[in-house]
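For chain A, the structure is supplied; the task is to place chain B on it using the hints.
Protein sequences, first through last, are from chains A and B.
Numbering-wise, the first sequence is residues 1 to 265 according to the UniProt record's numbering.
Numbering-wise, the second sequence is residues 1 to 599 according to the UniProt record's numbering.
It is worth saying that the hints were derived from the structure and are not from the lab.
Backbone N, C-alpha and C fix where the C-beta goes; we use that ideal spot for every residue, glycine too.
Worth double-checking, as some hints may not be accurate.
[What the hints assert, rightly or not] Beyond 12 Å from chain A on every Cβ pair, some chain B residues (computed): (1) K45; (2) L53; (3) R267; (4) G268; (5) R362; (6) A540.
[Unchecked claim] Straight-line C-alpha distance at most 27 Å; calculated BS3-like pairs for lysine-lysine: (7) A:K192 with A:K145; (8) B:K558 with A:K41; (9) A:K49 with B:K572; (10) A:K173 with A:K192; (11) A:K62 with A:K225; (12) A:K142 with A:K173; (13) A:K172 with A:K41; (14) A:K41 with A:K145; (15) B:K240 with A:K262; (16) A:K49 with B:K240; (17) A:K49 with A:K142; (18) A:K145 with B:K572; (19) A:K41 with A:K192; (20) A:K62 with A:K49; (21) A:K262 with A:K62.
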Amino acid sequence: MRMMVKTAMLFIALFLALAPAGAWAYSYGDANTEDVAETFKLVVSDLGKTPADWTGAEAAHKERREEIASHFGEEVAATLDANFRSRDADVTIANYKAILIMNLDRRFDNAIQSITDYTQAKLLLAKARATYEALVPYAEAKLSKSELDGLSADFDAALEAIGNPGLFGVGKKEADGQALQTAVNQVYGALKPLFPYAPGEAAGGAKDPDAAVQAAEPDTIDGTKEHAAMERENKTNPAITVGVIAGIVVIGGGAVFWARRKGLL
Amino acid sequence: MTLRGDDKMDQAIDTGIPAAPPSNPGHPSGSGESLRRKGASRLNKAAPIIAVLVALLWAAYSWTQRSPFVASWDEADFVLALDRFDLLAMQPHFPGYPYFVMGAMALRRFVGDPARAYESLNIVLGAASVYPIWRLARRRLTPAWSLLVVLLILTSPYLWLQTVRPMSEAAGIAVLWWYLWCWRRAMERRTWGRMTAALFVFGLLMGVRLSFAPFGLGACWLLAAAWADWRGERRRLWPKLVIFAAIAAGCQLLWVAGLALSEGGVRGFLQLAVAFTEGHFSEWGGGVASAGDELSFAARLLRFAGDNVLWTGMFARSTALFAAAAALLLAAVLSAGARPRPPRDSASAGARLAPRAAAWLRRSGLPGALAALAGAYGAWALLAQNIDKPRHITPLIGVMWLLLALLCAAAPSARPAAPQSPAAPGDDAAAPQRPPAPADPGAGEAPPRGERIRRALRTAGALIAAGVVALQAARGGALVARQADEPPAVYQLGQGLRELAAAHPDNRFVVYTYEETRVLDYLHVPVSNRRIETYDYFIADVQADPGATILLTDHVLKGFEAQVGSLAGQVKPIAAYDSDPLFDPVYGHIALYEWVGEH
Numbered sequence: 001m002r003m004m005v006k007t008a009m010l011f012i013a014l015f016l017a018l019a020p021a022g023a024w025a026y027s028y029g030d031a032n033t034e035d036v037a038e039t040f041k042l043v044v045s046d047l048g049k050t051p052a053d054w055t056g057a058e059a060a061h062k063e064r065r066e067e068i069a070s071h072f073g074e075e076v077a078a079t080l081d082a083n084f085r086s087r088d089a090d091v092t093i094a095n096y097k098a099i100l101i102m103n104l105d106r107r108f109d110n111a112i113q114s115i116t117d118y119t120q121a122k123l124l125l126a127k128a129r130a131t132y133e134a135l136v137p138y139a140e141a142k143l144s145k146s147e148l149d150g151l152s153a154d155f156d157a158a159l160e161a162i163g164n165p166g167l168f169g170v171g172k173k174e175a176d177g178q179a180l181q182t183a184v185n186q187v188y189g190a191l192k193p194l195f196p197y198a199p200g201e202a203a204g205g206a207k208d209p210d211a212a213v214q215a216a217e218p219d220t221i222d223g224t225k226e227h228a229a230m231e232r233e234n235k236t237n238p239a240i241t242v243g244v245i246a247g248i249v250v251i252g253g254g255a256v257f258w259a260r261r262k263g264l265l
Numbered sequence: 001m002t003l004r005g006d007d008k009m010d011q012a013i014d015t016g017i018p019a020a021p022p023s024n025p026g027h028p029s030g031s032g033e034s035l036r037r038k039g040a041s042r043l044n045k046a047a048p049i050i051a052v053l054v055a056l057l058w059a060a061y062s063w064t065q066r067s068p069f070v071a072s073w074d075e076a077d078f079v080l081a082l083d084r085f086d087l088l089a090m091q092p093h094f095p096g097y098p099y100f101v102m103g104a105m106a107l108r109r110f111v112g113d114p115a116r117a118y119e120s121l122n123i124v125l126g127a128a129s130v131y132p133i134w135r136l137a138r139r140r141l142t143p144a145w146s147l148l149v150v151l152l153i154l155t156s157p158y159l160w161l162q163t164v165r166p167m168s169e170a171a172g173i174a175v176l177w178w179y180l181w182c183w184r185r186a187m188e189r190r191t192w193g194r195m196t197a198a199l200f201v202f203g204l205l206m207g208v209r210l211s212f213a214p215f216g217l218g219a220c221w222l223l224a225a226a227w228a229d230w231r232g233e234r235r236r237l238w239p240k241l242v243i244f245a246a247i248a249a250g251c252q253l254l255w256v257a258g259l260a261l262s263e264g265g266v267r268g269f270l271q272l273a274v275a276f277t278e279g280h281f282s283e284w285g286g287g288v289a290s291a292g293d294e295l296s297f298a299a300r301l302l303r304f305a306g307d308n309v310l311w312t313g314m315f316a317r318s319t320a321l322f323a324a325a326a327a328l329l330l331a332a333v334l335s336a337g338a339r340p341r342p343p344r345d346s347a348s349a350g351a352r353l354a355p356r357a358a359a360w361l362r363r364s365g366l367p368g369a370l371a372a373l374a375g376a377y378g379a380w381a382l383l384a385q386n387i388d389k390p391r392h393i394t395p396l397i398g399v400m401w402l403l404l405a406l407l408c409a410a411a412p413s414a415r416p417a418a419p420q421s422p423a424a425p426g427d428d429a430a431a432p433q434r435p436p437a438p439a440d441p442g443a444g445e446a447p448p449r450g451e452r453i454r455r456a457l458r459t460a461g462a463l464i465a466a467g468v469v470a471l472q473a474a475r476g477g478a479l480v481a482r483q484a485d486e487p488p489a490v491y492q493l494g495q496g497l498r499e500l501a502a503a504h505p506d507n508r509f510v511v512y513t514y515e516e517t518r519v520l521d522y523l524h525v526p527v528s529n530r531r532i533e534t535y536d537y538f539i540a541d542v543q544a545d546p547g548a549t550i551l552l553t554d555h556v557l558k559g560f561e562a563q564v565g566s567l568a569g570q571v572k573p574i575a576a577y578d579s580d581p582l583f584d585p586v587y588g589h590i591a592l593y594e595w596v597g598e599h
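Next up, chain B with everything else stripped away, as it sits in the complex:
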């Protein structure tokens, strides 16, 4: 309410000043505020150079903080794949990630260490993704704000942590930015060249990380929009549809064929795919499962949105970052609220839903389109991915920062009928990419109301965003350094077992584990270790070798207790290993027990 009042007052004061940004795109305005403009335009001019420098700096720092550890089952899978690519032996695990492994194979020639080869690839791709992020942001933001978006995304601590681990998330996200940019270009002008580029990059994305498939909704969307165009042309539809489908399929076939050949042919690949997917739901035999499986949907949703996406993903469990981001959100909401109301609202409320939806699908704005794709991925990550591993939500982090910046400072096209134009009137770099302007009945006439307060809110938003960047850089920089320095709990377990075996050379130790076994094998820990899930079989195993000292980890024990009730009397705790659960979400705490059996 108060805002409205301020608006009015602002308007009164502002009346002497020509309408500032949107009405006259592409035309450098020579207004009375030249001094302030000059400072802003200087910053705007320097922004691209700063962005490049920042990307290089970020890459250089990340390069020095590459983690030497192979801390999880999945990471061991990737690292082993560099020596021998073998899907059946789960190196890497299904579905293969062929482009990612290829890239690391190439980089390994220069880097040597397999884990660091993957991390180097992540860093190179991450730094290069600044370009598509910039181009996307520049569609609606000033260069200065685009720079802020780039910084927000690059320094985002959880993303940064993923970059310097031998996992495919960070590489996938980097390619995702290229895809989103290409897709947006194709949506804006649906030429064959642009559509092919989008589909090709989508093929790359799938070959790097298949679990980002929900973003393929964008390709379907593109097809729907193109279909609508083609229908308008009154020519034959089918050939075009076939060509589109052929391009889309061809781009996917590239990596699928590569995978199939790596398995010796299509038949073998299919056989393998069936074998892998058969085990989907039965692997753990009901005895044990991801902790998330016991959650009801509501609890799962809460954990997903609250813990995985926000607390861990966006804020890396830092209260200061949380507070700063909340302030930015507030500024963004206020700024969006202070924007001139689209006059269309009341007039079009009565219009039919279907045509409006169709029109939106064909001419959606950037924020809406990004939110739709991110929403699709979010739903998939919530429902189908392992909720114990927050890394699955990482693609959402960057998109959310971009959306927040758009909310805060996008050129005022909350009025959907107005042509989309960059906020800075002095800049016309983005003009060529501007989407075809829909008919705009009298967009220029309405004088901007409350321009001053909007400007104040934008400035406040920019300052807060800069503060968030600073906090993120401090927190993220410290976290990646620590991740590269602190041995994960599994490594500590391996070291503990080594020492135990060395101290008792006459004893025969057998340690029962879950997924830790993969890392222990990778580290060549000189103690027999076995993965086990079923309690009855464990007992039979123990009887098989009565002379051995039986050890088991807390994950195994918990699984057994879910099957047969408390076993507290039959085990004796002997050691516990801890690392930061931010780095090792599932195996950040490992307790080692000795099995003493029934007395």
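Okay, chain A solo, but in the shape it has when bound:
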């Protein structure tokens, strides 16, 4: 018996000593990331190399193309495709920054629409902020420090405006739609002129490029836009989840009951 225990312990010790310890270390990730902004970072990183890594940049962009097309219009996606094909780094990056502006509009607009849903509004504001953070290095060259601090304060004001349920009710605050709209428009209005969008000439044969751009990048955000379904964010249907769990509980309970009736337990 003792022999066996010793052997087993030796094996465990060997296994532990050889296994890569790093795999066990955990840390909490950051929910405050935005896919479009992450793709932007990859694209500028690849294009910033000498020589520019167009294959890497295009691969990163392909991952995001569907999202761009569904939210900002096929015309915008086609323009970017053309930019990538023409191998013009400056124009591609400039248009990708404009896409970040469009993304700001999308997230802000959605946040205004979901002001009654605290979690959703907060998540959308966080994604907008992540988008903004990706633009900050470029904005720093164009705006003064105090102007940037003002934008940061506007983000804080927007966060305050969606209210707060508080911790066990402590710190509870109601939402204020008007304040939210003011705050986000200040950010959006300050950033939009800095990163203009250059529509492609014959990209995909769009009928009216200007109208398409206006749709993707309006002058002010009022929370009335029709948005593409957010298929990426609602993958799980809570009703189905609850149903499945309830089903498992019922079946499991039935099995236990049956087993007890038969005297198996």
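For chain B alone, kept in the frame of chain A given last:
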């Protein structure tokens, strides 16, 4: 070997004296040694009062030495949470610590400063934890020794340092003591009231610090023992199991529900939890990681046990303390070795393993039970926690001191069949909590062998323990004072950046950091700072703003060099900031570089 000889001689001398402690619990013995007894009993009587006074004194001193600094990412998270509780914005970071933040919110009304509100909470809870420590120790130790245990734990320097920082470790450990006590009570007499109390306090513990979850093994253990009881009752098992599970779940649900509501509902909370856990293993993208990740398991184990637990955790990197603790360990081992051998050893060696293990699980002694729980937590801290941060082992420190004291001076129940009784025969305060005595075949008959040498060793142990307490108090008291006084390296970095920006008002500075960025933001340092991990993106960022002066910290530089090789030629060191790595384990040294790029 020599010990055995002494034992015999001792026994010969002692024969005239009635068997001293264990055989007759609860019965105040009137032996011939009344003089010595009198002194001891006076000390024993005064011990509870001294313990209370010491706790108050400790709290008062700690109160004056509360650190004003918010020196790490995690601490900034907590402090920001007092203004706005927002898990998504990582204030506090996941998983929320709701009771801890609540307590600090309440105390902030009286204290004002958010960092000090957390520290005040830690101090209050720490002082209150003297009660459960005392009650636990009194199960097997005399009042005087229990007082020593309380002192050993209160003055333990590394624990003390954690108490006066805005972190949840110290509060968690204080609640942990309540949990361990309640759990022990429930294990001793498994009534519904006691079990509910244990489960409730476990819920509190989880709501203060989720990473202490391995101590939940105790709750499972309790369930297993209760199950065994219920089976013996020959009644329906399932309803009781369901009730137990419902109580356990309900106590956890309290804080989880509070958290969920703070995120606007269960759906949002789940969404957030998924978002946070998705990033677990990918956050650093392989480019950089905790230094511990590169260690093999053996090296990790060595660093964990040697550096984190012993050198830093127990001895606060003090050689004198190390020597004194080693002497105490020696005394404890000798004392344990000099104890009468349990006669059972040879007889039961052949017994089946499984029934013996089951019996142990149902009737484990206090040291074994504590060691098992601490071991579970230790394994978790070793495998799953960041090894760069020794604070993760802090729950083990107090338990280890208690175990050491038990080894040194516990009532002689190394004979497992004997009823557990306090060592001081004159004291019966602990009698009501005594666990149900298992059958003890002839425990009273065997005369204690070598009582005198055991007593000498116990006295020596007590003296050494008092010495350890004195050393700890001196070292710990000085350390907490220094921690509250010396600005952490991150603060110095912030000040340096302020001065740099003031000296060159025309330059635009951007500083790239890792976790320092959170503190710099908290301090409103007027220089743009960004967290960065990927070298390629850094280069793109630098190109984004050619007019700016680019600064980066050594942590960032090291991360870049892990990705692309040496960058020594492209940076120019401009400043270095240092604080005691005992206070700031990861960011105790920060070097600032200027990026000059390729020439």
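Since R267 of chain B was said not to touch the interface, does its Cβ keep a gap of more than 12 Å from each Cβ of chain A? The assertion about R267 of chain B is violated, with a minimum of 6 Å to chain A.
Verify the proposed pairing of K172 of chain A with K41 of chain A, using a straight-line Cα cut of 27 Å. Given pair K172 of chain A, K41 of chain A is violated - Cα atoms ~37 Å apart, limit 27 Å.
Holds or violated: are the alpha carbons of K49 of chain A and K142 of chain A at most 27 Å from each other? Holds - the C-alpha atoms of K142 of chain A and K49 of chain A are around 24 Å apart, at most 27 Å.
Straight-line Cα separation of K142 of chain A and K173 of chain A no greater than 27 Å? violated, 36 Å
With d taken as the least Cβ-Cβ distance between L53 of chain B and chain A, does d exceed 12 Å? holds, 35 Å
Run the distance test for K62 of chain A versus K49 of chain A: straight-line Cα separation, threshold 27 Å. Holds, at roughly 19 Å.
With d taken as the least Cβ-Cβ distance between A540 of chain B and chain A, does d exceed 12 Å? Contrary to the label, A540 of chain B does not stay out of reach of chain A, its closest Cβ about 4 Å off (not over 12 Å).
Has the given pair, K49 of chain A with K240 of chain B, been kept, meaning a C-alpha gap of at most 27 Å? violated, 66 Å
Interface-negative label, G268 of chain B against chain A, beta-carbon threshold 12 Å: Answer for G268 of chain B: violated, closest chain A Cβ roughly 3 Å.
Quick one, are K173 of chain A and K192 of chain A close enough, alpha carbons at most 27 Å? violated, 31 Å
Hinted pair K41 of chain A and K192 of chain A, Cα distance within 27 Å: It holds: about 19 Å lies between the C-alpha atoms, which stays within 27 Å.
Just double-check R362 of chain B for me: nearest Cβ-Cβ distance to chain A has to come out over 12 Å. holds, 21 Å
In terms of the numbered hints stated before, the structure departs from hints 3, 4, 6, 10, 12, 13, 16, 21, listed from lowest to highest.
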